[in-house]
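Enquirer: For reference, the chains in residue letters:
Number of protein chains: 2
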Amino acid sequence: MNGAESLVETLVRAGVEVCFMNPGTSEIHFVETLDRVRGMRGVPVLFEGVASGAADGYARMAEKPACALFHLGPGCANALANLHNACRARVPLVNIVGDHATYHRRYDPPLNADIEMLTRQYSKWLRTSPSSAAVGRDAAEAVASARTAPAGIATLILPSDTAWGEDGSPGEVGPIPPPPRADTRAIEQAVAMLRNGRPTAIILGPPLTQSETTLKVAGRIAAATGAKLLAPFSVTRARRGAGLPAVERVPYIVDQALPMLARFSQFVLLGAAVPAAFFAWRGKPSVLVPEGAAIHILASADQDMDGALSDLETALGAGRFEPILQPAAQPVRPSGLITIEGLAATIAAMLPQEAIVVDESITSGRGFMAATKGCPPHDWLVNTGGSIGIGMPLSIGAAVACPDRAVVCLQADGSGMYTLQALWTAARENLAITILIFANRAYQILKSELAALGGNPGPRALDMLEIGRPDLDWCALARAMGVPARRVETLEALARAMQDGVASHAPNLIEVPL
Amino acid sequence: MNGAESLVETLVRAGVEVCFMNPGTSEIHFVETLDRVRGMRGVPVLFEGVASGAADGYARMAEKPACALFHLGPGCANALANLHNACRARVPLVNIVGDHATYHRRYDPPLNADIEMLTRQYSKWLRTSPSSAAVGRDAAEAVASARTAPAGIATLILPSDTAWGEDGSPGEVGPIPPPPRADTRAIEQAVAMLRNGRPTAIILGPPLTQSETTLKVAGRIAAATGAKLLAPFSVTRARRGAGLPAVERVPYIVDQALPMLARFSQFVLLGAAVPAAFFAWRGKPSVLVPEGAAIHILASADQDMDGALSDLETALGAGRFEPILQPAAQPVRPSGLITIEGLAATIAAMLPQEAIVVDESITSGRGFMAATKGCPPHDWLVNTGGSIGIGMPLSIGAAVACPDRAVVCLQADGSGMYTLQALWTAARENLAITILIFANRAYQILKSELAALGGNPGPRALDMLEIGRPDLDWCALARAMGVPARRVETLEALARAMQDGVASHAPNLIEVPL
Chain A
1 MNGAESLVET
11 LVRAGVEVCF
21 MNPGTSEIHF
31 VETLDRVRGM
41 RGVPVLFEGV
51 ASGAADGYAR
61 MAEKPACALF
71 HLGPGCANAL
81 ANLHNACRAR
91 VPLVNIVGDH
101 ATYHRRYDPP
111 LNADIEMLTR
121 QYSKWLRTSP
131 SSAAVGRDAA
141 EAVASARTAP
151 AGIATLILPS
161 DTAWGEDGSP
171 GEVGPIPPPP
181 RADTRAIEQA
191 VAMLRNGRPT
201 AIILGPPLTQ
211 SETTLKVAGR
221 IAAATGAKLL
231 APFSVTRARR
241 GAGLPAVERV
251 PYIVDQALPM
261 LARFSQFVLL
271 GAAVPAAFFA
281 WRGKPSVLVP
291 EGAAIHILAS
301 ADQDMDGALS
311 DLETALGAGR
321 FEPILQPAAQ
331 PVRPSGLITI
341 EGLAATIAAM
351 LPQEAIVVDE
361 SITSGRGFMA
371 ATKGCPPHDW
381 LVNTGGSIGI
391 GMPLSIGAAV
401 ACPDRAVVCL
411 QADGSGMYTL
421 QALWTAAREN
431 LAITILIFAN
441 RAYQILKSEL
451 AALGGNPGPR
461 ALDMLEIGRP
471 DLDWCALARA
481 MGVPARRVET
491 LEALARAMQD
501 GVASHAPNLI
511 EVPL
Chain B
1 MNGAESLVET
11 LVRAGVEVCF
21 MNPGTSEIHF
31 VETLDRVRGM
41 RGVPVLFEGV
51 ASGAADGYAR
61 MAEKPACALF
71 HLGPGCANAL
81 ANLHNACRAR
91 VPLVNIVGDH
101 ATYHRRYDPP
111 LNADIEMLTR
121 QYSKWLRTSP
131 SSAAVGRDAA
141 EAVASARTAP
151 AGIATLILPS
161 DTAWGEDGSP
171 GEVGPIPPPP
181 RADTRAIEQA
191 VAMLRNGRPT
201 AIILGPPLTQ
211 SETTLKVAGR
221 IAAATGAKLL
231 APFSVTRARR
241 GAGLPAVERV
251 PYIVDQALPM
261 LARFSQFVLL
271 GAAVPAAFFA
281 WRGKPSVLVP
291 EGAAIHILAS
301 ADQDMDGALS
311 DLETALGAGR
321 FEPILQPAAQ
331 PVRPSGLITI
341 EGLAATIAAM
351 LPQEAIVVDE
361 SITSGRGFMA
371 ATKGCPPHDW
381 LVNTGGSIGI
391 GMPLSIGAAV
401 ACPDRAVVCL
411 QADGSGMYTL
421 QALWTAAREN
431 LAITILIFAN
441 RAYQILKSEL
451 AALGGNPGPR
461 ALDMLEIGRP
471 DLDWCALARA
481 MGVPARRVET
491 LEALARAMQD
501 GVASHAPNLI
511 EVPL
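Heads up: the protein sequence lines correspond to chains A and B, in order.
Under my numbering, the residues of the first sequence are numbered 1 to 514, in order.
Under my numbering, the residues of the second sequence are numbered 1 to 514, in order.
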């Protein structure tokens with residue numbers, strides 16, 4: 001078999017079954033293989049950032065890697081912004097980049113680039129296959145590395161002659177090694193902290209907030225000790241809703257995060273960093289926890305964090321406690337003109353059972369988490385790395401991973417324009433995604449920043465932050481790419497559109513002017 | 001003044017007057033400055049790849065740098081694909097990237113990235129300013145470096161505290177040092193080659209093909225010696241048309257390039273590499289010149305290439321020769337259904353005087369150069385690095401640089417989708433760009449590659465290369481972003497649409513189904 005066949009065969013055997021791709025000439029052998037090696041679903045995209053974001057969304061929901069296929073350095077460069085987010089999300093992802101043939105690079109043809117330099121900072125594993133004979137083994141190592149805790153991005157660069165060379169053979173992916181257990185003393189110290197009577201927060205990093213079992217262990221510890229459960233603002237996937245222990249995200253706004261965290265003098269961290277501000281704002285602190293607070297790392301991301309929580313539960317005798325569970329509470333549908341508050345209440349009222357919510361709502365969505373906390377159980381995915389344009393791509397990946405669930409994508413207009421090509425893939429694959437576009441026609445968050453500088457912002461500065469003039473017609477954009485769309489002017493119309501959209505089990509877009 | 005003011009003041013004094021931008025929180029001080037330091041035009045974009053491509057197009061036509069402003073590592077990552085093209089085009093460009101405050105990076109907030117690692121391979125000059133006091137000096141050095149031959153990308157990374165710090169002062173850009181003259185022996189050797197009677201090609205790298213003066217010197221040398229003038233396939237800007245010496249591009253297709261170059265046994269290079277294949281194709285050579293051909297570097301890109309051509313002209317006594325000039329020949333408007341040949345003839349028939357043609361037509365446009373060679377004088381810009389999605393961004397930059405000329409953008413549909421957000425900026429700035437979208441609804445070039453592999457391509461493979469199903473409605477996409485559009489079904493309709501579009505002096509799009 002050739003190298004490309006050995007690649008696909010290895011990936012399929014290792015359980016990698018979906019490839020989000022935008023191939024080029026140097027990847028044509030990989031594409032050609034799709035008809036001969038069965039088991040790999042190719043999902044085409046019109047821009048690489050859609051593929052990397054979709055592979056992230058797939059991994060968040062499937063809890064295993066997809067692969068993404070890119071065309072040389074520039075193709076991979078287009079994927080980097082969402083690879084940045086995926087890296088921060090700590091999801092497994094196999095990133096395959098075609099390159100010039102090994103013997104051709106010396107001529108420095110136009111598309112030549114140092115792909116390793118482009119991808120190194122986002123890759124926990126990185127290799128350029130030297131020959132077709134090595135591709136199967138390298139692909140197996142890539143999958144194993146991506147899946148070993150902490151999960152991450154494995155980048156495999158395949159010169160085109162490694163794809164067409166005929167001496168390929170599939171690699172074998174062995175069992176993924178379990179992460180090492182946390183130190184016994186780390187457990188003991190956590191027990192001591194949680195019994196010393198001082199107010200304590202436990203911060204749960206990814207992937208802890210995605211499992212009901214884990215959340216209930218954490219919830220029993222919280223019930224036994226009075227500790228509060230927190231998650232970073234940039235949470236990869238939060239399982240939440242009625243009947244589940246509540247975990248609160250640290251707010252983005254420094255002036256909200258500071259008082260929230262000021263209530264605690266101790267922080268127990270599981271795979272999470274000490275909360276810091278998203279940006280440096282002049283005159284505001286970088287670190288959000290109170291000065292002198294005790295910080296204790298119970299387990300780091302490369303350790304057995306679930307095991308550490310279980311050990312802690314046992315050591316505290318917390319198993320006999322009942323976790324405090326979020327009571328069911330879904331608002332009644334509000335009516336009238338669209339307001340930020342009404343928007344949150346409507347979304348909460350209409351959120352279907354087992355929804356996968358993808359939230360890139362930026363300023364429009366600051367009330368969404370609070371409004372939906374008592375909704376039927378659902379998963380909430382957010383932008384983990386601050387690189388905007390992840391919402392619709394993430395939704396595509398989530399919908400491919402969970403075809404029986406409804407994806408609700410809460411999308412700011414400015415961020416949505418970054419990767420609007422995602423709409424075409426949603427239509428092509430007929431994915432059950434209901435996209436709400438919050439059309440405030442500005443980079444609203446930046447207008448707030450500009451105002452915060454004081455003085456009167458000038459017209460030329462403000463002009464750079466307006467994305468109206470001309471207004472974007474999101475309904476027309478969606479329809480032009482095959483996605484039905486409607487614009488709503490009232491909360492009642494929004495509720496109806498959400499209901500219809502979810503019921504359609506197909507992609508649909510709702511433009512919500514603000 | 002603060003660092004941001006010192007930055008803008010320095011840039012404006014150095015003749016950098018346009019900034020294509022997509023700013024974020026860390027760049028807000030730069031934006032705020034636009035109202036206080038006069039002379040900088042901010043052009044907003046909805047995706048960073050539009051800004052980098054536009055800065056490239058501006059530089060190609062204005063022959064001086066614009067700046068581009070990006071938001072941290074991920075914002076810059078989105079710009080990289082077109083920075084790759086700009087790097088290959090050897091255009092001057094000042095790439096400004098905001099970063100976290102110097103004291104904030106240690107907390108590794110979500111948007112943290114190694115921006116230097118992302119940009120190093122594309123930057124001839126790269127620096128992170130350490131303080132607001134240094135910003136003015138660093139900006140001056142960036143402009144000087146970008147403009148020093150060979151022109152290139154200067155990347156200046158500005159931590160946000162260097163923007164708001166109050167001890168800024170403008171830097172001074174001194175005269176740009178002239179490039180060193182080529183070695184006298186290199187001139188002598190070229191003279192000897194051009195007089196030895198063997199068939200010789202002179203290959204002109206950027207920026208030689210953009211100046212009529214330079215072309216005429218080269219044309220006189222060709223007339224005196226019988227040498228043929230060539231340019232690389234990936235030409236930055238070709239000045240061409242009736243009354244100008246003709247320079248032929250080396251074809252993309254290896255089977256066309258080989259016989260063309262087989263006619264020569266000697267190659268004289270000015271800032272150009274030995275022609276090599278765009279990709280490695282199995283069984284085809286990487287190097288396109290005949291084995292054993294004599295290669296002579298008359299001048300490299302960092303030397304005075306114009307001076308070397310002049311010296312060569314003098315040494316050959318070629319000044320008294322008349323260059324062979326392209327005769328005027330514009331086809332009459334063809335009629336009937338749209339064919340590839342009819343398309344080329346129609347575009348040639350309708351090309352306005354002094355058009356700036358931006359050609360990212362890929363497979364649809366292989367006959368365009370031949371059809372337009374006798375058109376009224378115009379400039380022809382192509383994708384220089386193979387990273388697709390440059391056409392509309394390049395057109396925006398060219399139109400900003402030359403508001404009195406008509407830009408005609410020949411755009412393949414697949415490539416166009418990469419950076420379709422450019423349409424909004426074209427509308428916002430009311431730029432005189434007529435965009436022809438060649439809608440073959442496939443990555444046609446890849447379908448040819450797949451077919452060339454032999455056997456019968458399978459349906460799953462072919463499916464990855466079709467970008468119909470659903471078809472993209474380009475007219476609706478354009479209108480949704482404020483650009484008037486029409487679809488044409490005949491060559492007559494295309495001719496009328498081009499005439500109307502150019503006459504409108506405003507952005508307009510013509511969808512050409514193929």
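Hints are computed from structural coordinates only; laboratory data are not their basis.
Treat each hint with caution, since some may be false.
Pairs involving identical chains hold if they fit within one copy or between any two copies, as the list cannot separate such chains.
Listed below are the simulated DMTMM-like cross-link pairs for lysine to aspartate or glutamate, each with C-alpha atoms no more than 20 Å apart in a straight line [said to hold, decoys possible]: (1) Lys-284 with Asp-108; (2) Lys-216 with Glu-17; (3) Lys-284 with Glu-492; (4) Lys-216 with Asp-473; (5) Lys-124 with Asp-114; (6) Lys-124 with Asp-108; (7) Lys-447 with Asp-35; (8) Lys-447 with Asp-306; (9) Lys-373 with Glu-188; (10) Lys-284 with Glu-166; (11) Lys-216 with Glu-313; (12) Lys-373 with Asp-471; (13) Lys-228 with Glu-212; (14) Lys-284 with Glu-63.
Enquirer: Each hint needs a verdict: does it hold in this structure or not?
Expert: Right, here's what the structure says about each hint:
no.	hint	result
1	Lys-284 with Asp-108	between (48 Å within a copy, 17 Å between copies)
2	Lys-216 with Glu-17	neither (31 Å within a copy, 59 Å between copies)
3	Lys-284 with Glu-492	neither (41 Å within a copy, 64 Å between copies)
4	Lys-216 with Asp-473	neither (45 Å within a copy, 49 Å between copies)
5	Lys-124 with Asp-114	both (17 Å within a copy, 15 Å between copies)
6	Lys-124 with Asp-108	between (28 Å within a copy, 17 Å between copies)
7	Lys-447 with Asp-35	between (51 Å within a copy, 15 Å between copies)
8	Lys-447 with Asp-306	neither (42 Å within a copy, 49 Å between copies)
9	Lys-373 with Glu-188	neither (33 Å within a copy, 81 Å between copies)
10	Lys-284 with Glu-166	between (60 Å within a copy, 18 Å between copies)
11	Lys-216 with Glu-313	within (10 Å within a copy, 84 Å between copies)
12	Lys-373 with Asp-471	neither (34 Å within a copy, 40 Å between copies)
13	Lys-228 with Glu-212	within (17 Å within a copy, 73 Å between copies)
14	Lys-284 with Glu-63	neither (38 Å within a copy, 43 Å between copies)
Comparing the model with each numbered hint stated earlier shows that hints 2, 3, 4, 8, 9, 12 and 14 do not hold.
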